[in-house]
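Residue numbers (my numbering), protein chains in the order written: chain Y, 1 to 578; chain X, 579 to 1156; chain Z, 1157 to 1496; chain U, 1497 to 1836.
Think of the hints as simulated: they come from the structure by calculation, not from any bench.
Don't be surprised by glycine CBs; every beta carbon is placed ideally from N, CA and C.
It is possible that some hints are incorrect.
What the hints assert, rightly or not - Pair ranges (Cβ atoms, derived):
#: 1; chain 1: U; residue 1: E1752; chain 2: Z; residue 2: F1306; range: 55 to 61 Å
#: 2; chain 1: U; residue 1: K1813; chain 2: Z; residue 2: V1297; range: 21 to 27 Å
#: 3; chain 1: U; residue 1: E1752; chain 2: Z; residue 2: G1393; range: 45 to 51 Å
#: 4; chain 1: Z; residue 1: K1483; chain 2: U; residue 2: D1507; range: 53 to 59 Å
#: 5; chain 1: U; residue 1: K1682; chain 2: Z; residue 2: G1393; range: 47 to 53 Å
#: 6; chain 1: X; residue 1: D962; chain 2: Y; residue 2: G519; range: 53 to 59 Å
#: 7; chain 1: X; residue 1: N667; chain 2: Y; residue 2: A399; range: 54 to 60 Å
#: 8; chain 1: Z; residue 1: T1490; chain 2: Y; residue 2: P400; range: 58 to 64 Å
#: 9; chain 1: X; residue 1: G696; chain 2: Z; residue 2: A1368; range: 25 to 31 Å
#: 10; chain 1: Y; residue 1: E398; chain 2: X; residue 2: G1100; range: 53 to 59 Å
#: 11; chain 1: Z; residue 1: V1441; chain 2: U; residue 2: E1752; range: 42 to 48 Å
#: 12; chain 1: U; residue 1: V1803; chain 2: Y; residue 2: A462; range: 53 to 59 Å
As the list claims (entries may be wrong) - As a list, the in silico DSS-like pairs of lysine-lysine whose alpha-carbon atoms are at most 25 Å apart:
#: 13; chain 1: Z; residue 1: K1162; chain 2: Z; residue 2: K1335
#: 14; chain 1: U; residue 1: K1502; chain 2: X; residue 2: K1004
#: 15; chain 1: Y; residue 1: K381; chain 2: Z; residue 2: K1483
#: 16; chain 1: Y; residue 1: K154; chain 2: Y; residue 2: K115
Unchecked claim - Some chain U residues flagged as far from chain Y (calculated, every beta-carbon gap over 12 Å):
#: 17; residue: T1510
#: 18; residue: E1541
#: 19; residue: R1688
#: 20; residue: Q1743
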Amino acid sequence: MPATIWRHSPIFRPRSARPQGTTFGVSAFQINFGSSAIETAGDAPDVLVAMNPAALRVNVDALKPGGLIIADEGEFGARNLAKAGYESNPLEDGSLAKWQLVSFNISQLTMDAVKPFGLGNKEALRCKNMWTLGLALWMFDRDRGPIEEWLRTKFAKAPELAEANIAALNAGHAYGETAEIGGQIPQHHIEPAPAEPGLYRTVTGAEAISLGLVVGAQLAGLKMFFGGYPITPASAILHHLSRLKEYGVTTFQAEDEIAAIGSAIGASFAGSLGVTSSSGPGIALKAEAMGLAIMTELPLVIVNSQRGGPSTGLPTKTEQSDLYQAVYGRNGDAPMPVIAARSPADAFDCAIEACRIATQYMTPVMLLTDGYIANAAEPWKVPDMGRYQPFPVRFHDEAPAEGQPVNPYARDEKLARVWIKPGTPKLTHRIGGIEKNAGTGHIDYAPANHQKMTDIRAGKVAGVDIPDQEVTLGEAGGWLAVVGWGSTFGPIHQAVRRARGRGLDVSHVHIRHIWPLPGNLGDLLRRYKRVIVPEMNSGQLKTVLRDQYLVDARPVTKVSGQPFKISEIEAAIEEALA
Amino acid sequence: MPATIWRHSPIFRPRSARPQGTTFGVSAFQINFGSSAIETAGDAPDVLVAMNPAALRVNVDALKPGGLIIADEGEFGARNLAKAGYESNPLEDGSLAKWQLVSFNISQLTMDAVKPFGLGNKEALRCKNMWTLGLALWMFDRDRGPIEEWLRTKFAKAPELAEANIAALNAGHAYGETAEIGGQIPQHHIEPAPAEPGLYRTVTGAEAISLGLVVGAQLAGLKMFFGGYPITPASAILHHLSRLKEYGVTTFQAEDEIAAIGSAIGASFAGSLGVTSSSGPGIALKAEAMGLAIMTELPLVIVNSQRGGPSTGLPTKTEQSDLYQAVYGRNGDAPMPVIAARSPADAFDCAIEACRIATQYMTPVMLLTDGYIANAAEPWKVPDMGRYQPFPVRFHDEAPAEGQPVNPYARDEKLARVWIKPGTPKLTHRIGGIEKNAGTGHIDYAPANHQKMTDIRAGKVAGVDIPDQEVTLGEAGGWLAVVGWGSTFGPIHQAVRRARGRGLDVSHVHIRHIWPLPGNLGDLLRRYKRVIVPEMNSGQLKTVLRDQYLVDARPVTKVSGQPFKISEIEAAIEEALA
Amino acid sequence: MNEMTKLTAKDFATDQEVRWCPGCGDYAVLKAVQRTMPELGVRPENVVFVSGIGCSSRFPYYMETYGFHTIHGRAPTFATGIKLANPELDVWIITGDGDALSIGGNHTMHILRRNLDCQILLFNNEIYGLTKGQYSPTSRVGTRSPSTPFGSVDRPASPCAFALGSGARFVARGIDVHKNLPDVFKAAHAHRGASFVEIYQNCIVYNDDVFAPFTAKENAGNQLWLKAGEPMLFAGGTKGIALDRDQLAVKVVEVEGGDWQTAGVLVHDPKNRSVAHMLVEMPLVGFPVALGVVYEDPAPTFESAVVEQNMQASAGKTPNLQALVSKGQSWEVTKEPHAI
Amino acid sequence: MNEMTKLTAKDFATDQEVRWCPGCGDYAVLKAVQRTMPELGVRPENVVFVSGIGCSSRFPYYMETYGFHTIHGRAPTFATGIKLANPELDVWIITGDGDALSIGGNHTMHILRRNLDCQILLFNNEIYGLTKGQYSPTSRVGTRSPSTPFGSVDRPASPCAFALGSGARFVARGIDVHKNLPDVFKAAHAHRGASFVEIYQNCIVYNDDVFAPFTAKENAGNQLWLKAGEPMLFAGGTKGIALDRDQLAVKVVEVEGGDWQTAGVLVHDPKNRSVAHMLVEMPLVGFPVALGVVYEDPAPTFESAVVEQNMQASAGKTPNLQALVSKGQSWEVTKEPHAI
Ligand SMILES: Cc1ncc(C[n+]2csc(CCOP(=O)(O)OP(=O)(O)O)c2C)c(N)n1
Ligand SMILES: Cc1ncc(C[n+]2csc(CCOP(=O)(O)OP(=O)(O)O)c2C)c(N)n1
Ligand code: SF4
Ligand code: SF4
Ligand SMILES: [Mg+2]
Ligand SMILES: [Mg+2]
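Build the full structure now, drawing on both the sequences and the hints.
Written as C-alpha cells, this is what we have:
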C-alpha cells in the first residue's frame, strides 16, 4: 500500500554561507543559495529559491507539486528571461500553477536594507542570499543568532560587510514577520494515498474552499455573496473568490468582520447564499451576528481559518484552538453545525457539504480549516463535476389562503423553515433576533414558545443528515483509537500506520463532522479500551467527546504553532498502550 | 430549621375587574386595583400598586422587604402628598429604599392611550387600572386574551368603553415590553435562612454587585474604572456605580461594548482595576478583547447579566445560557476564571471574589449573574466590613539592574506576572496581543515559547486558590446529587429539602466557582450514584462536569425564560431516583 | 393587492400591535412613512425595512413590507448585503441616535461613503429610549440620565455633520410630527444613493420636549425649511440666513417687507457643500434649525458599480464548473504509483 | 536617565529590531517622533504609545516609553481608559488607514467627539500593508489589489473630512519624509484635546508612490504648508489659495511678484471651520494638498471634565465602606425567626 510522506520543518544549511564547523541540526534538505540548486535527502525538494530565470528553468521540474518557489522578481526582466529561454514571464503567466509562488523584488529589498553601509552595487547585491536566508529562517522558525555569529567571524576583517549581511538577514526575516508571510510552505506534506490514475492539479486549501463554495452555491442553484475582511490566513479566500464573478459570485470587502457577516446574512435574507470568512479574532467579532443567523434561521457559511491564539496570537502559525469557539462560543443556546477540513483537497468537499447543510437546513454552518490547510498546496485529483448531486433550493412562493397569516417559520420534515425571498408578492413578513413565534415568526416572549423554539433549533441541528463515522485506518474496536480532526490527519495517520506496522492494536478515527457528531460515533468509541485525541490545542475536541459520550478520551496536546511530528503521536500511542 | 420561602409567579385577579366565573389559575396573591389594598394567601405581599400617596401610606408596611411598588407618579403632586400626610415625596426621598420602586406617570400614559376614544377625563382615568394590569400581565407573562374578552362582555353596551379599556391594557403591556421592563419582580423569593440577628437592608443583585466591586477595588487598594454600554438587564450596574464617585470610581458610558472593555483594559494597564459589564449579545462583542486581556495578563472583571438567548432573544427574561460563552467562547486557548452568583446578596461576595482573583492572578475574571438576580431585591444582612481581609496590590517598581531587561512577564509563585504602572521610571515596556516572550514580554513566535506560555496561562488559572466544594444540603455521597449554579439555587434547595423531608437520599451541591472548579469536586461527585444538573439552559454546566470528571451528570433543562418551579425539580429528583 | 390597485397607507400597515409609549414621536413617523409609500409607486413586496435595535428599530414590524429587525448598530451592514444581492429592492434603514451613531457609527460612515442606494431614517431623540433613558451621543452636555446622574460631559455628535464628513451625498432633516415629513421622504427616495435623513423625534418618556425650542407651536418660527432655489427664510419670512463672506460664517438677518434680496438672504443650492456644512453646524441658540433637504449632490451608487463590474468581468465568460475546478496546470497520473 | 539629563532621540529608541520593509515610510515617521520627543520635555515613563494592528501599529515596540499594541481598530478605546485612569500620562495613538477608518472608524469618531487629550497619528498609506496589500477605505477608486482585482469601486473616505465631521478640534497633515513633520507633532502635542494628524506614508511594497503627485521632489510645489496668520501660498510662492466668495469654494490663483494680497490669497486662520472644510476637501487634481495644522480650535477636554465632575461629586463626602454597604433603609432582626 502506498504511503503518505510526512516531512517536518527543514533546517537550512546555506552552502555558500555555511558556518564552518557548525551544525544547526539534522537537515531534511538543504538549499544551496550559491547556485539555487537543491539537494535533498533523496526525495523531491519542497522549496526552490530562484534568484533568476535561469535558475528557475533548470531546477523547477525537480520541485515537487505544491512545493514553494521563492523568486527574486527583480531579476525577471526581459533580458534575463530571454537569456533563460522564457518567452513570457513565468512569474506572471500561470505556468507555475503547479507550485506555490511567492516573489518579491529581493534585489531591491536587499539594496534598501544595506544602503546605510555604503557598499558598492555589486557587493550590496551579494547580500541577497542573506536576505533570502532571513526570510527562510522566519518561515521555519529558526534562530538567526548562529548565522550572525558566523558572519561576524567570516567578515572579521571587514566589519561593515558583516553588518551589511546581517542587516540583509534581518531585513528578510523582518519582511516575513511584518508582511505576515508564512505557512505557505507545506510543513508536512501528504501525498494522495493511493494516487488513483486521473487528472491532477495542485490546490491550496484557500483555493479549494473557494472552489467548493462556488460549486456548492451552484449545486444549490443560488448566487453567492461573500462578505469578508482581510485577516491572515483567511484573506486568500476573499482574493480567490473576487476573481470568479462569472459564477454569480459577488465579493464585498467590508469595513470590519461584523459588517462582513452582517452583509452575508443580509444577502441570505435576500435569497443569495451568504458566506463569510475570517480567523480567530475576526470570528470572535462575528459571534453576535451568528446568533442572529441562528435565530432567523438563514443559511450562512462561516469559514474559520484557524491560527495561533489567544488574541492576535501567532497569525502566521497554525493551530486548532478555535473548536470551542465554533461549538460553544455564542450567547444563549445557539447550536450550529461545524465541519472541519483535513487537507487542502478535502476542503473542497467540506465547503460543498457546508453549503448543502446551510441551504437544506436553513442554518449557519461553520467550516473549520487552519493556517496550514489554507496555505499549503497539494496535488488534487480534479473532481468530475458530473458526479456531484445538485441540491437545489426551492424558495417558498405560495401566498397563504385569504385571511391566513404568512408563516415564515413553517417547517419541513427536516425542521428547516421556509425561505421566502423579498420581492415575492403576498409573502411580505418580518424577522429579527427576538424570540419568534413558531409559526408566524412574530415576536413571541411566551415561555412555552421559547422552550419550543429552543428545542426546535437544537433538534434541527442535531438531526442534520451526516454519514456515519468510519474507521479511517484499522478496526472498529480494540485497544486504542486515535481520534483526530482537521489538519492533524497526516501525522496521526502516519503514526497509526507505523504503529500498526509494528503490530500494535491501534486505529485511526478521523472526524469531519464536529457538530453534530456522527450518530454512531459514541458506540464506535466505546468499542476501544482507550481513546486518545491529539489536537493542536489544549484539548478541545476531547471536551466534546467526553461530554457527549462519557468516554475517557485523553488529550494529547501541542500548542506551539507547529504541527505534530509523527514521532510525537507515536510516543503518545506507545504511552496509551503501556 | 427555618425554611426559605419560594413563591412562583403570581396570577393576578384584579378585583374590580375580575372576570366573573373565570379563573386564571391558583393565585398566590391578588392585587386589588380598586383600593390598592392587597390580599394574599396569608403572607406578606410581593407587589403593591399605589395609585396615589394615600394608598401607599396605608399599605406599604404590609409589603415584604424587597417587594415591588408600582406607583403612579402623576398622582404624587403636592396636594395629594399633603392629604396623605407626607412631608416629602416618598418616591424621591429614599424612604422606600427597603423596597423596589418603579414609578411612571400612569395617569398621563393612560390618558394618552385612550385619547382616540374621546372619553371624558374622569372616564379616561378609570382606565388606569387596566393600564397597570397590562403592565403586570407583561411582567408575569400572562395572556391578555381573557381580560379583553371579559371587558368586551362587561361593556357590551358601551363598546367604546371596552375598546378604551383594552387600549389601556395593551398600552401598559406594550410599555413593559418596549421599555424592556421586567424581572424586577422577585419571581421567586428566598428569605435568608436562618435570618441571623443583625442589621438588614434590601439589595438588588445589580446593587450588590456594584457595592461588591467598589469594596473589592478598595480591598485591593485600587481605583476602579468601569466601562459599560447600556443593555438590559446589565445597565443597572452602570447606573449604580455612576453615583459612587467618592469611592474612586470612574464610570464611562462607551460608544459600544468593545469600547467599554477596551477602555477597562486600558485603565487596568494604567493601574486601575478595570471593570466592564454587559449581557449576552454585548459579551459576545467583547470576546476578542477578552483574549487581549488574557494575553497581556491584566486584571479585569467582566460581569455578565445573563438573559434569554440566542441573539437579542428575550432581553427581559432570565436564563443561564451564557455559561458556554463564559468558559469556552473565545478564539485560541484562552482560559479565564468564571464565578457565578446565586442570589442578590451572594452577588456582593462574588464581586469581591472576582476582584481578588483578577488582581492577585493578573487575569480577567467573568462574573455570571442573570436577569433575575440583577433585578430582584432581597433582604441582606449588612456585612461587617471589618471582617473582610484586604488584598492590597503591590505594583512592581524596582528598576532592573543596569543592562538587564525589564521583565514584565516575571511571575510570582502563583504564576501572576508583575504589574507595572505607566509613570514608573526605568520600567518602560511594551505589551500586546501577539504571543509574548516568557520574560521580557517582547513578541516571540518561537514554538517552545508559545507552548510554555500556553501552559502558563492555563496553569495560572487552574491554580487559582478557591475553597473546596461543600455540600450545600445533605450528605457528601449517596444516591443522588442535584448540582446547580447561579440563580436556580432557590428552587433546587427547596426541592431537595422537601425530598429529604420525604426521606429521599438526595443532596444539593451548589457550585460558585465554575472555572476553575473546586479541587475536590470530582471526588465529591463520584460519591453519588447519580448526578443531575438542573439549569436554565440546554445543559451547559453539565458539559463542563462531564468533560472534567467523566461523571454521568444528567441535564435537567428548562429554557422558557422562566425560573424552575420547585415541583419541576422535585419531579426530576423522583425520576432520577426511580 | 393586484398590480392594478392603487395602494393606500393601510396597505402598508401590519396587523401587529404598535408598541411604543402613547405620545411617542415614533407614531407620527410611522404614519408619515405609511402615507408616503403609496405615492412612491412601489409594491410592498419590493420594499425592505431594515433596522437595528432600539424603540425606533421596532419600526419594520409595523410595515407590511419585507422587514429585518437585526442587531444593535449593524442595520447598514445587512442592508448592504440585501441590496447587493438584489439591487431591485427598495431598501430603507430605520435607526436611532444610539443605534446609528454610538455602536453603529462605523457602519453609518461606510454606507454613506460607499453610497449604497437606500434611505436611512435616523430617529434622533437624543436619548436611549429602549434601555430606559441613558444619554446618547447626541445628548447635550449636562444631560442627566441614569448613567450620568451628575450630567453628561461629552460634547454631542451632530448627525448631519457626521454624515457630511463621511461623504454623504444627500442629507436632510425633518420633525416627527411635521406635515413636511412625507416630502422629505419623497426627496430621499427620489435621490439615487444613500439618503441620510435625521428626524427629530420626541421621546415623551425619557427626553420630553428636548426639541421644543423649535418644534413647539410657539417656536415654529425657529424652523428654517430649505427648498432648492428659494431663499432661506424663516420666522414667517421675517428673518433669513445670510452669509458673512469675510468670516465665512452664516448669520441671521432681518427681512423687511419680504425684501430678502436686500437683506442678502442666501438662495438654497443643495449642491453647495460649504453652505451645507454651515447649515448643519449652526448653533442651537441664536439660529434656526435647518430642515428639509440640506445637501444633495448625486454620485454613482455602490451597488450599481458592483453590478457593472460583475457584468464586465463576466462578459464573454461561460461559467463551467468542470473547467473551473480543472484550471491551472495539471498533469495526468496514469498508473498506480509505487508503494512506499 | 535622571531628571536632570537632557534626553535625546536615542533615549526614546528601544533595542528592538525595527521590522518594516526597507524603504517603508514608517521609518521616517519613527525617526521624526523620536527626534520630537526630547523637545517636548516629557519623561519616557510618562508617555504611552497605544496602537491597533497594522504595519504602522508596530510603532510602540520601537519607542522606549510605555506601549500597548492592542487589537485591530480599537486603540482609541484603550487610550481612553488609560487617560481616564491617569490623566497625567501623555497618550499617543498610532494607527493606520485601515485600523482607524475601516474597522475602527467608530472609535475614531468618538474619541474626537469627546475630545480626549491625546495625539492620534494616522499613517495613511491608502492600503492594508500588514495583510498584504488589499485596498483600504482611503484607496482611490480603481485601486487594483488582491481583493479588488478589477479595481475598487467605492469612493474613498477623507480622513480629515471625517475627523472634522466627527467634531475634531485639531486637524493636521504631514508627510512621512518631510522635514516639517516634527513641527506638526509639536503642534499636535501642544494642543489640549484630541489632535488628529494624518500622515501620508509611503508603502513601498504595496502602494509605492501613490502620493508622488505631491511628495516627489519635482512635485513639491503641490504642497500647501499652512501657517496660522500667513498667506496660503505654494509652488514657491507663485500660487495661492483664494476664495470664490460667490461659489463659496476655494480656488487656485497665480501670485505675481509675491503680491499675494492683490491675488486675494487667504490668510490662514486655523479657527475657521468653513475654510478648514474646504481645505481638506480640495480635490487631488488641480489643487495643492493642504499640510500642516489645518484646523485648531480648542475646547474642554474629556478627561478634564470627568476629573472635574468626579471631584465635585466627591466633594465633602468621606468614603466609608461600612456606611456605603449600610445605605438605605435598614431594619434590625433581633431574634431568630420562627422556623417553618
Ligand atoms: C449589542 C447590544 N448592545 C446593547 C444593546 C442594548 N440597546 C438596545 S437599543 C439601545 C440604544 C437605543 O437607543 P437609540 O438607538 O437611540 O434608539 P431609541 O430607543 O432611542 O429609539 C441599546 C443600548 C443591545 N440590544 N445590543
Ligand atoms: C479583528 C481583526 N481583523 C483583521 C485583522 C487583520 N489586519 C491586521 S492589520 C489590518 C489592516 C492594516 O491596514 P492599516 O491599518 O492601513 O495598516 P498598515 O498595515 O497599512 O500600516 C488587518 C485587516 C486583525 N488583525 N484583527
Ligand atoms: S421610550 Fe421614548 S422613544 Fe421609546 S417608545 Fe417610549 S416615548 Fe418612544
Ligand atoms: S508592507 Fe508597506 S507599510 Fe508595511 S512595512 Fe512594508 S512598506 Fe511599510
Ligand atoms: Mg434614541
Ligand atoms: Mg494602511
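Closest CB of chain Y to the CB of U:Q1743 still more than 12 Å away: The assertion about U:Q1743 holds, with a minimum of 33 Å to chain Y.
Starting from the hint 25 to 31 Å, judge whether the C-beta atoms of X:G696 and Z:A1368 obey it. Holds - the Cβ-Cβ distance for X:G696 and Z:A1368, about 26 Å, lies within 25 to 31 Å.
Return holds or violated for the Cβ distance of Z:K1483 and U:D1507 against the range 53 to 59 Å. holds (57 Å)
Check the hint pairing Y:K154 with Y:K115 against an upper bound of 25 Å on the C-alpha distance. holds (21 Å)
How does the Cβ-Cβ distance of U:V1803 and Y:A462 compare with 53 to 59 Å: does it lie in that range? holds (55 Å)
Against the range 42 to 48 Å, how does the distance between the Cβ atoms of Z:V1441 and U:E1752 compare: consistent or not? Once the Cβ atoms are compared, 45 Å apart, the range 42 to 48 Å for U:E1752 and Z:V1441 holds.
Determine whether the Cβ-Cβ distance between U:E1752 and Z:F1306 falls within the hinted range of 55 to 61 Å. Holds, since U:E1752 and Z:F1306 (Cβ atoms, about 60 Å apart) stay within the stated range.
May I ask you to check that U:E1541 keeps its beta-carbon over 12 Å from the closest beta-carbon of chain Y? holds (26 Å)
State, for the Cβ atoms of Y:E398 and X:G1100, whether the hinted interval 53 to 59 Å holds or is violated. holds (56 Å)
Given the hint of 45 to 51 Å, is the C-beta distance from U:E1752 to Z:G1393 inside that range or not? Distance hint for U:E1752, Z:G1393 holds at roughly 46 Å.
Indicate whether the distance between the beta carbons of U:K1813 and Z:V1297 respects the range 21 to 27 Å. Holds - the Cβ-Cβ distance for U:K1813 and Z:V1297, about 24 Å, lies within 21 to 27 Å.
Falls inside 53 to 59 Å, the C-beta gap from X:D962 to Y:G519? holds (58 Å)
Violated hints: none; the structure is consistent with every hint.
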